[in-house]
Every structure is written in structure tokens, then in C-alpha cells.
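Participant: Listed below are the residues making up each chain.
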Amino acid sequence: MKACDLAIIGAGPAGMAAATEAANAGLSVIVLDEQPAPGGQIYRAIETVPEERRKILGPDYAHGAGIAQAFRNCGATYIPEATVWNINPDLSIDYSRHGGSAQVSAKHLLIATGAVERPTPLPGWTLPGVTTAGALQILLKAHGGVGDDVVLVGSGPLLYLLAQQMIAAGKPPKAIVETIDRERYIKAARHLPRALAGFGYLRKGLSMMRQIRQAGVPRFSGAHDIRIEGVHRAEAVVFSVGGKAHRIETTSVALHQGVVPNQQATRLLGCDHAWNESQRCFVPKLDVFLESSIENVFVAGDGAGIAGAKSAAMRGRLAALRVAQKLGHSNGADIRALQADLKRDEAVRPFLEALYAPSRDILQPADETIVCRCEEVTAGAIRRAVDLGAPGPNQVKSFLRSGMGPCQGRMCGLAVSAIIAERRKEEPEAIGYYRLRPPLKPLLLSELAQLEPEATRSEPL
Amino acid sequence: MAAGSSQDITTDLLVIGGGIHGCSAALNAALRGMRVVVFEKDTVARHASGVNAGGVRKLGRHVAEIPLSLHSMSIWNRIADFLDDDCGFQPAPQIKIAETEDELDTLRERVAELNGLGYTHEVILDRKTMRGYLPAVAEHCVGALASLQDGFAQPYQTTFAFQRKGIEKGVRFLENTPVDRVFKTGKDWKVVAGGQTFTGRFVLNCAGAWGGEIARQIGDHAPVSAYAPMMIVTERVRPFCDAVVGATGRPLSFKQMPNGTVVIGGGRPGIPDPATNRTHMQMAQLRHSAQTAIDIFPIMRGAQIVRSWAGIEGLMPDGIPVIGPALHAEGAFHSFGFSAHGFQLGPGVGDIVAELIATGRTQAPIAPFSVGRFSQVSTKPNEELS
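Residue numbers (our numbering), protein chains in the order written: chain A, 340 to 800; chain B, 28 to 413.
Chain B on its own, in the form it takes in the complex (with noise of 0.2 Å):
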């Protein structure tokens, strides 16, 4: 890396933020070439990206999120290979439960809709089939979605395989160093962090919850807001459930792990304080979270809550991201807001945000994610103010 001066570094692409999407778009762009450097205001994966409940999940997506989400499930298929690190990755159905006929019916209608966009990767499981995956189901559930072939990985060991990967490839991580400023000068963005000035040609800003500042320096308006899912982990329970599981009428997210401790989440979110980075939980909200599983697997009734939790994921006042280039700012690209269902999609939006900044193109569909969605009147981008 060529430093112009001690106080001066000069790179290809600066990256804002050390989750999953960060370290997965500095990967593949050292990969293809790249300088990089990834700034992380904390540690790497402190956030969502290392807590959250690790559902590698093509089931149940937004139908403009479908195409990165396969895209991504090919990378998660050989992701051993790709990282030397299995990241715990465990393929396995995802089967979300109708409780109710009405509720089958609602995911017959998924079905068709997807069936005539020409994707099969969700299918209806009758209540036969159902309970084949699922023994333990309570007796009132109809029948299920499913997508067979998905899976659940651990978070924090997959981002940290990432990052890892990265240094490997010449990926230079400055954590604990939070960007004080993003602005650009001619052609060139710079990066205020740690006491040092960093050029780059481009820059990234994969901030999650704290992405909003950073869109704003950049010249985009971007309505992110903090949210905090949170999450119970049970001690070991005989293995009964090898499916991730949720629910249509509720919200439910549930898998036993392969050591026996069952992982619960799903909808009901924390009190988010993004200044502190800590989260509080609302135990008086996620008891729905407990009689919702104790419902659907009665087994559940005397598991014992050893842990919950919550991490500090961004949300998009329309539960999808921003994912692709500034709106008039050239050179800068936004990749963050993934709502609470990003780590799926880690490994395969990292790959197209490199292609797009590596080569400025991408056959890849994100016009959906477009920053403009929520700005029709442009903001200028920080200029240097000297």
C-alpha cells in the first residue's frame, strides 16, 4: 500500500463497516485486483453481522431479493472451499408452518406467484410430508413452505472467516476506528478515521444501522433506522429438529443447533441504542417469541432459557436494502440495511458489489435496492472544505 504521507494513505476502494457485507465486498474486490481498506468503528462482526440467529435462508424473500439470494446460496454451497473455514455451515430445509387452512392457502398463492416468475425452489409440504421433517410439530399445524435445500451457518465465525480471508489476500482492517468523515475531492474519495486522511477512487458504505450518516457525507438520503431482533438460546434438548423452522401467522424463527441447544427468534425486536452499542432487551416482548415455539413444538415446554440476546442490525422503511451505486456522487456505492435478513445474502452481494465497482457493471438485477428510492431531490456530497 503506497503512503503519500504519513498522515496520507492512498488506496483503490475504502470500505465503511466490518459486518458481513464489508468484509465480503473487500474479499472479492481484493480478489479482483484491488487495494482495500475496511474501516470498522468497533470489531469486526460486533453487530448483526456476528448475532444474528445465522439462517442461510432463500425461503420466504422479497421476489427482487430472489436472484442475489440464489447467486449467494451457490457461493454458501462451497464456502470451505472459498474461505478454509466451513463456518459452521450445515445445509438443511427451511420450513415455515401454516397453523391454520387459510394460512396454506396464503403460501399456495406464494407458490403459484414464484412458480410464474420461474423459480422452484419453494414448494408446499403437505401435512403428511411436513410432519416427516418435522416429528415433534404440534398436532394443529396444516402443512408448511418449504425450500429444501437452504441451511443455517454461525455468524460470527463466518464473518470472522471472511475478514480473515481478506488479510490473506492483502485486505488491510482498521478496527476500533470509526470514520469521522467521508467527502470527495476531484476525482478522489477521502476518509477521515483514526487520525489519518485516506484516498481512495471509491468508497463503500456497508455501516448497517450507522449507514445513514455515512449515505448523508456522501450525498444520498437514506432513512435507516436501528433495530434490534432479539433471540433466546435454550440449553441442549434431546435432537428432535434438524429443519429451520418459522410460522406464517406469527412471527418465529426456530432451529436446534447440532450440539442440542435450540435457537429462538423471530419479529420482536429490543430497545437499539446505536450511540453506546448496547441493546436492552424487552423480556416482556419476547415471551410471545417463547409461546410461540412452546405452540408449534410442545416439546419445547420445559427447555430451559440459558442466554438471549440482541445485535444492532440497520432497517429500510420498506424491509429491503441499499445495495449499488450513489445516486449522482460518482465513485461512492451503498451496500448496507439489509433489515434483518442480510447474513444470507453476505456472500453473493459482496461478489456483485465488487464486480460493480471493479468494473462498473453488473448483470446482476439491483435496481430494486436503488438509494433513489427514497430521494427524488438530490443532496450534494461533502466537498473538501479547506
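One chain only, chain A, in its complex shape (with noise of 0.2 Å):
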């Protein structure tokens, strides 16, 4: 079993920041990712982008290959495609690669294990042809290609970012159906003054929403009752502005709402979490250091609570910095000045949350609407169980298997937890969240089976 002084997981900017600064400070550093290549979803493809594509998928991406060569000749261990399905109490790390299991055991953690798109249950999610916008840009940045006729569906930057990109390939969205409306710009409006002080963002806002409205893409704003209809796959895209209905024709629908932390490994360490109601999901409980409750682990990136990529980075630089003062590495100077950096780059932040907000349908979807896929339990199935008096999602989980799937509950956690709320009138941190259980992500039992013991656990892979 390899032992190191920090051990991160997760390869995106958070994960590469921290990995740099660290092992530049004189920490031994080991980096579990599940990606072939550093750069995490946002700066997915990096290193080997082609030229043209990353064109098209601008600025801020191409601005990853600076971290990402950082982080190539910081000297720390690096481990791609490595699957990390358990981290024990000690911080040993239990991780697969390549078929065969290995181990390595840290001083300290950091989970950079950055974001999930939030669960966007609606009629018909579950039709093949819908995808989420998430997934379409990774296949735009790992492959360049999407469909002819994608319709756009929700709420969120990325929505846009992505219609910018799909426009900049030549093939731009079939329109944009998006769920915010009037009432949410006004409401949004009151955290502009605050906001201003990250005015880079807002004029690139303005500016996607500019080259989206020259490129003719038709918008609906302030959608609801949205639906997906289709027999075998989707067909369309239907809902109501105002009192009007509308159907769009497609065979490619892209849902939205938002992206979340990913709580996976937080909640399996047992890591105290708090509901964050601005971002409407729950973010772990960290210091100004961003060491969480337990004692030597730290979260950086988006699963710190949504900031986007150049906070991640300074937050990964935060941690790696406050592990290096803990073991005697640095004199924590830099560390006030990153902590008002990062201040600055979250100013935005409010507006964009009062903005995007998730829209109600998904929030508390229809009764008949299925929320854990896997399993196909509907949210009319939840309110029942917590109406014959399933006290939280552990029980709904033990009653109706929701969150038993494949998917161990990232699919449908944090909308059970919010149906749960909602119907028993409590907060949702009263509510709480799956108790989350190795293996983090599915395993083979023969891999289990020829795990070895730890005093015997080799290098790793």
C-alpha cells in the first residue's frame, strides 16, 4: 500500500491546483482520477483537443491547459483511470483500475470530486433521446459531435454556454426552452450590485446571450408543465408559456437545472453536510480552510458548494495550502490573500442562483412522474410512503428501493429528499440524505473476491 501526505481525488481544476501547489510546497502527492487524462469534466479532452474544437469551445476551456501542464510537472503521482469505490476511516483508499484492486492510504484527503447535474425529473425523462447538457458537451468535447435537432431544456449558464458552443460548431440548438421566468429576473435583481464586483462574468453572460439571439435560435422563457412525449424514443417537447402551449418536433432533448455538489464521497466519510436553500442542495460543512468535520478531510472544487472552475482552482490551492501549514510546510501567508481572491470570484454567485433557480416542476414533480430511474419509483410513490409515515429517505430507500439502483441514489437523492421535505412540511436538512455505502461505484464480485489484504497490497497499478 502506497502512503502519501495528501491524496486527492479528482482530476479537474480543484484536484490539479491542489496537486501542484502541494507537491511544489514539498508534500508527497498522490492523484486518483477516473479520467484517462487530467481536466475533470470542465476541462475534459485538454491535452488533446484538436485546434478547431477548441475554438469552438472557447477561452475559459483553453485556459485549463495551463493547470493541466502545471500539474504534469508538479512531481506528484498521478493515477488515471483509477475508480475510487470506498475511502475507510483512516484514509485508506480502496480504488479499481484496469480490472484489479488497489489501495493507498493518506495522511489527508482532498475530494475534488466536483459536480453532478441536478436530478431533473419530468414526464418522459426517461425516453431515450433525452440526455442531459451535461452529457451532450462532454461528447462535444470529447468527440466534437451533436445532434441536428437538440432542444434545450431548463434553467442554467450552461445551457447557454453549451447553445454558444453548439452555434460556434455549426449546429446550433432547435430553440432553447427555458423555465425562469419574469418574476425570477426581479427577484435575481436586488444581488446585481454585489454582483458586479465579478463583472467578467456578467458581460460574458451578455455576450452568450448575444451571439445565441444573432444566431436565431429561438427561446421560451418561462416554461412549466414541460413534458417529453414519445412512444419508443422522444419526439417532442411540450409545455406552456403563459397559457399557451407549445410543441416542438426533436429527437434530442437536453435537460438542465442546474449542476450540485457531488455528495458521494462526503456522505460515505460521514462528513457533516448542511442545505445551502440559495443553491437549493446540500454542500458539506467546511472551515475557512475548507477541512470539513472530519478531521484531516478536506472538499475543494464544486463539491464545496457551486463556484465554477476558477474557484475550484483556488480552492484546491486553498486546501493544499492549509495541508502544507498543518505539516509544517508553509508560513499560511498566501493563504489570506487566496481566501480574499476567492471572495471576489464568488460575488456572482447569489445573482446567478436567484437567476437559475430550479424550476418548480422538477423540484416537486408530478405524482405519476418516475424520480429513481433505476428502480422506476415515482414521486407519487414517495409521497405515499412518507404519508403511511416513512420518516426520511433511508426508509423511503428501504421501503420502495429508490436509490437502490446502479446509480446508488446520484440520479434521484437529492430530489427524494426534497419531495420527503416538502410533504412533511420540514427542512430539508431535517430530512437529511441516503446513508451512502462502499462501493461508490458499482464493482465486480470476483474483484472484490481477489482483493487482497492490506498487509500484502501492492503498488499501485
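Source of the hints: derived by calculation from the structure; they are not laboratory data.
It cannot be assumed that every hint is accurate.
Which residues of chain B face chain A? A few of them, derived with a C-beta cut under 8 Å, are [to be verified]: (1) Q318; (2) Q331; (3) I332; (4) V333.
Distance windows between CB atoms, simulated [said to hold, decoys possible]: (5) B/D153 <-> A/Q789: 48 to 56 Å; (6) B/T303 <-> A/Q678: 28 to 36 Å; (7) A/I477 <-> B/P285: 29 to 37 Å; (8) A/H437 <-> B/P162: 29 to 37 Å; (9) B/S397 <-> A/S632: 40 to 48 Å; (10) A/Q678 <-> B/F267: 52 to 60 Å; (11) B/P344 <-> A/Q789: 57 to 65 Å; (12) A/Q789 <-> B/V138: 31 to 39 Å; (13) A/A554 <-> B/D113: 31 to 39 Å; (14) B/F267 <-> A/K583: 50 to 58 Å.
The following residues of chain A were derived to be distant from chain B, with all beta-carbon distances above 10 Å [what the hints assert, rightly or not]: (15) P419; (16) A528; (17) N601; (18) A693; (19) R712; (20) R762.
Glycine is no exception: its CB is placed at the ideal position from the N, C-alpha and C atoms.
Put the complex together from the two separate chains, hints included.
Facilitator: Now the structure itself:
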């Protein structure tokens, strides 16, 4: 078993920046990442992307190249294609790679596993042809391809960024169906003064909107009662705007309602979490140095609360500097400067969170809508279980099997907690979340059977 | 329910613990006309009762448990009528595989012993018959012991159904309400919980892994320890097995659920932390369960594990539960420490314990489960301090 000062899970901006900072400070660092190359989701394929596609994806994406290069050169041990499937209380980490399992142990752990897209339970969302904006963007980054008649549906900056990238790629979306209404703009407006500190973000947003308008992409604002129709696959998106019904024919729908922290690893470890009402999600409780309620476990990047790629890199550096300081490798002078930079970068968030708050359609889905895709559990079934007396997500899970399928609740967890909270008229924080158990990702039974006892565990594969 | 004052609630039976045994005893006591309050420090079925492997098994029981298990089975067979919920109960054979001739000889001796006691529910399956029940079993398996009219059920659904039927019959459940203190004043028992004092003629300790402290306050010594059997479940696999399978020479509990997922457990404990309710998985231990499952069902080699878990269970040193009256303190009873095989016994033992409390006697042979087996020296029950 290989040991280190700092183990980092995830090689997105937070993980890469943290590894670079920590290695430069003289720490021994191991980075475990699921992808074959550094970059995470936001900078996916950053090292290998052809020049033409890099232009399509824009300068914010291209910025990741420098971070990846510094990471490659920093001297941290980088283990790509490693699927972490368990983290033990002593901070030893089991991971799977090329069909076998191995273990590393760490004095400190940084969880930099980023964000996942918020579950978007709508009628028809399980039909073939329906995907998420994030998944579509992965296709664009990794392979350069998207469909011809994509309809983007939902809310959030990613929707417009993707539209802009699709336009640049010569495959503009057929339409953008937005769940944001006028009222939301008014609510968001009061956060504008503070958001001006993040003027760069606002300017970029306005520029994206202009390009979408110039490309002639139809936009529908304030859409509700959205459903995807189709027998064997998606055939049309149907919705209402201000009492008027619309129907757009399409074979390809990309849903998006923002991103939320990926809680799997922090929940597995038993870190304390708080409900963030503005982001409508659970966020691990962290101190000003990003250390969690469990000593020596840090969280950086969007997993620490959604703040974007720039903040992610800064948070990664902050956590690394704090670990270095704890180990006597740093005097902490840089820490305060970073904390101030972070505060500035995050200034735009309350505005974005108010503007792009998720649609009620998906927060409180209609009774017949499937919420847990793996086990096909509907919102109505969850409400009936609550009415019978099931007090929380774990009882609903035991009772209905929601969250028991291969995705382990990644796709339904937040929605299930929100539905129970609303039904019981309690706060989501009081309702809580699924208890997470290993393996974090499906693991072959034969691989577990071959797991070597720790004493004889070999070097990372 | 009569309340003496806002701080003092009077009832007949105070049940400590909302697992399957507490819920079943509470329901059965209510059916006998008693007023019942159940105290649960977390939520009903939070621990072993909600997350066990769900085996409804007469097979392989300690001989002292067999009469209780047979009684329980008679209730399982009409569970849907009793609770208005089918509890996910599926009749199915329980089969214990022999991997060697020596193991099969041990199983034959077991059948001979049971037959001598007048029990006929366990039978030997020769290799061919076994393969008829289990076409996917590995070639090297030579035969099996079976109890053909057993089954399995959904543990949380079952315990939750007992609770709901209990509520319907007037049982009051206080969840998230740990018991601070149990003591006796005169003929009555008092339970202090959630800032209130509850008075009852009887108290029943169904506190599982936490039952030792309650027993101590009642005046009994019961060396229960916390135990966390680990289980794993796979993704859905094409149906290949409709029996619940164990092994003779090594620990295994194996079954394929109606939806295709396969639940594998047996014998390998995680690390329980009863103070925080958490359990830590020991994956390096669990690998043995994975290997055993693959050895006996080679088809499992390619199956994907999606989850593992462990619940906190009370384990007695001799591996059988504590059931029956307190050693000296009148009006106090125990039903805990089921040592990782109490789920099947829930319906029957709840009935027996309720009978014992309500009538002062039972025909069921519960003497082997007396708490007195752990202590020849009595300690005094807690008396009121004032």
C-alpha cells in the first residue's frame, strides 16, 4: 500500500491546482482520477483537443491547458483511470483500475470530485433521446459531435454556454426552452450590485446571449408543465408559456437545471452537510480552510458548493496550502490572499443562484413522474410512503427501493429528499439524505474476491 | 391513554426498542387489550430489523429455538392477512450446501438428531435433487440440507407493517426518543424519556444491541455485544436461483430477489459503533463472502456489486436470544440479543412475549432463553432515587 501526505480524488481544476501547490510545497501527493487524462469535466480532453474544437469551446475552456501542464510537471503521483470505490475511516482508499483493485493511504485527503447535474425528473425524461446538457457537452468536448435538432430545456448558465458552443460548431440548437420567468429576473436583480464585483462573468453572460440571438435560435421563457412525448423514444417537447401551449418536434432533448455538489464521497465518510437554500442542495460543512467536519478531510471545487472552475482552482490551492501549513511546510501568508480572491470570484453567485433557481416542475414533480430511474419509483409512490409514516430518505429507500439501483441515488437523491421535506413540511436539512455505502461505483464481485489483504497490498497498478 | 399530569403518563406496557421484536410484541399486547407505548431512540427499524438479509428460515436453528421458529412460521404464512401488508414475504426453500462428503455427513447427523426430537422440517437433498432446486450450483457441491417451506421477506417493509398495524390498534410510538432511565417504584415501572416520565405495570426490553444497559437498570446481567453483519447486493442478474442458499463449511447467505438482484451475506462482521449508530464496512473481510458466492455459484463471477451495508445487531455469548421475565424484578421482561437470526422469530416471539406479559404464563418453551443463564448473582433493580 502506497502512503502519502495528501491524496486527492479528482483531477479537475481543484484537484490539479491542489496537487501542483502541494507538490511545490514539498508534500508527497497522489492523485486518483477516473478519466484517462487530467481536466475533469470542465476541461475534459484539454490536452488532446484539436485546435479547431478548442476554438469552438472558447477561451475559458482553453485556460485549463496551463493548469493541466503545471499539474503534469509538478511531481505528484498521478493515477488516471482509477475508480475510487471506497474510502475507509483511516483515510485509506480502495480503487479499481484495469480490472483489479489496489489501495493508497493518506495523512490528508482532498475530495475534488466536483459537481453532478441536478436530477431533472419530468414526464418523459427517461425516454431514449433525452439526455442532459452536461452529457451533450461531454460529447462535444471529447468527440466534437452533437445532434441536428437538439432542444435545450431548463435553466442555468451551462445551457447558454452549450448553445454558444453548438452555434460555433455549426449545429445550433433547434430551440431553448427556459424555465426562468420574469419574476425570477426581478428576484435576481437585487443581487446585482454585489454581482458587479464579478463583472467579468456578467459580461460573458451577456455576450453569450447576444450570440444566441444573432444565430436566430428561438427562446421560450417561463416554460412550465414541461413533458417529453414519445412512444419508443423522444418525439417532441411539450410545454406552456403564459397559458399558451407549445409543442416542438425533436428526437434529441438535453435537460439541465444547474449543477450540485457530488456528495457521494463526503457522505460515505460521514462528513456533516448543511442545506444551502440558495443553491437548493446539500453542501458539506467546511471551515475557512475547506476542512470538513472530519479531521484531515478537505473538499475543494464544486463539491464544496457550486462556484465554477476559477474558484475551484483557487479552492484547491487553498486546501493544499492549509495541508502544507498543518505539516509545517508553509507559513500561511498566501492563505489570506487566496481567501480574499475567492470571495471576489464568488460575488456573482447569489445573482446566478437567484436567476437560475431550479424549476418547481422538477423540485416537486407530478405524482406520476418517475424520480428514481434505476428502480422506476414515482414521486407519487414516495409521497404515499411519507403519508404511511416513512420519516426520511433511508426509510423510503428501504420501502420502495428508490436509490438502491446501480447509480446509488446519484440521480434521485436530492429530488427524493426534497419531495419528502415538502410532504412532511420540514426543512431538507432535517430530512437528510441517503446513507452512502461502498462501493461508490459498481464493482465486480470477482474483483472484491481478489482484494488483497492490506498487509500485502502492492504498489498502485 | 390517561395522563396523570402533563409530565407523567400512565399506561400498561412500556416497550423499549422499535425493532421487529418491539413492534411485534407491542402489536400483540395491544391485541390483548393492553395500552402500550414504544420508545425508539432512533426511528422504527433503523438497525438490524430494517437492514438484515430478510431470511425467513426454520433451517439450521438451535434446537431450543425450533418451537418458537415453527410458531413464527405459522404467522408468516398468513402475514398479509395479519398486517394488511404482504411484507414482501415469498415462500422459498432454504438450502444449505455441502461441498464435501464430510460436510454432507454432518448434515445427515443433524437430520437424525432432529428426527429423534420429532422434527421433520429439515431433509437431506442428494446431489441430483439439489441440482433440481439449484441448477446453477457449482459441480463440486455434493448435496444439501433443506427446509423446503421457508422463505424470505423485506425486513424494513415487515417491521414498518408491524408498526402501522400497532398504531391502528392503539400503540403509541415515540421515535427519536431515547430512554434515559428505567426504574421501579412500588409495583410500577417508570421510564424517563424525552423529558417525560411514563408509568406502566410492565416494561419490556427489546433494545437489541443496546439491551444490556436496559437489562442492567432492570437488575439483570446480560452480556450483549454489538455486532454488524455485512451484506452486499448486486445489480440485476438473469433469474437463476429461487431458493435461499447457505453453505456448511464456510459462512454464506445467498439469495436472488424477485427483481434479479442477488443479496450475499453471512458471517463477516463490519465494525459497529453503537454510540453513533454507524457501522464501518470491512471490505477486506467481505472479499471472503464474495469468493464463497463465486465458488458455489460460478455464474456470479461477472456480477457487479452496487452496494454493501451492515446493521447493528445484539449478539449474546452463546448465540441465542434473551427471552422471558427478569430474574427477580416483577413486571419486567426481555426479548433481545437475537444474535443475527431474529427476523424470522419476530412475529412468533412477539406473540409469545405478549401472552406472557398479559396472562403471566405461556406454553412456549422459553426457559432456555432466560436471562438467568448469565448470572447466578442477582443485582437489585434501580430504585427511585428520591
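Participant: Determine for every hint whether it applies to the structure shown.
Facilitator: Against the structure, the hints come out as follows:
1. Q318: holds (4 Å)
2. Q331: For B/Q331, the interface hint holds, since the closest Cβ of chain A sits about 4 Å away, which is under 8 Å.
3. I332: Nearest chain A Cβ about 5 Å off; hint holds.
4. V333: Nearest chain A Cβ about 5 Å off; hint holds.
5. B/D153 <-> A/Q789: 48 to 56 Å: violated (33 Å)
6. B/T303 <-> A/Q678: 28 to 36 Å: Taking Cβ atoms as reference, B/T303 and A/Q678 lie about 32 Å apart, which means the hint holds.
7. A/I477 <-> B/P285: 29 to 37 Å: holds (36 Å)
8. A/H437 <-> B/P162: 29 to 37 Å: Cβ of A/H437 to Cβ of B/P162: about 34 Å, so the range 29 to 37 Å holds.
9. B/S397 <-> A/S632: 40 to 48 Å: holds (45 Å)
10. A/Q678 <-> B/F267: 52 to 60 Å: The hint (52 to 60 Å, Cβ to Cβ) holds, given that A/Q678 and B/F267 are roughly 58 Å apart.
11. B/P344 <-> A/Q789: 57 to 65 Å: For B/P344 and A/Q789 the Cβ distance comes to about 35 Å; the hint is violated.
12. A/Q789 <-> B/V138: 31 to 39 Å: At 37 Å between Cβs, range holds.
13. A/A554 <-> B/D113: 31 to 39 Å: violated (57 Å)
14. B/F267 <-> A/K583: 50 to 58 Å: Because 54 Å falls inside the window, the suggested range holds.
15. P419: Answer for A/P419: holds, closest chain B Cβ roughly 22 Å.
16. A528: At about 42 Å from chain B, A/A528 clears the 10 Å cut-off, so the statement holds.
17. N601: holds (17 Å)
18. A693: Per Cβ check, A/A693 is outside 10 Å of chain B; nearest 35 Å; holds.
19. R712: Its Cβ never comes within 10 Å of chain B, the nearest being 14 Å, so this holds.
20. R762: Holds: least Cβ distance 16 Å, greater than 10 Å.
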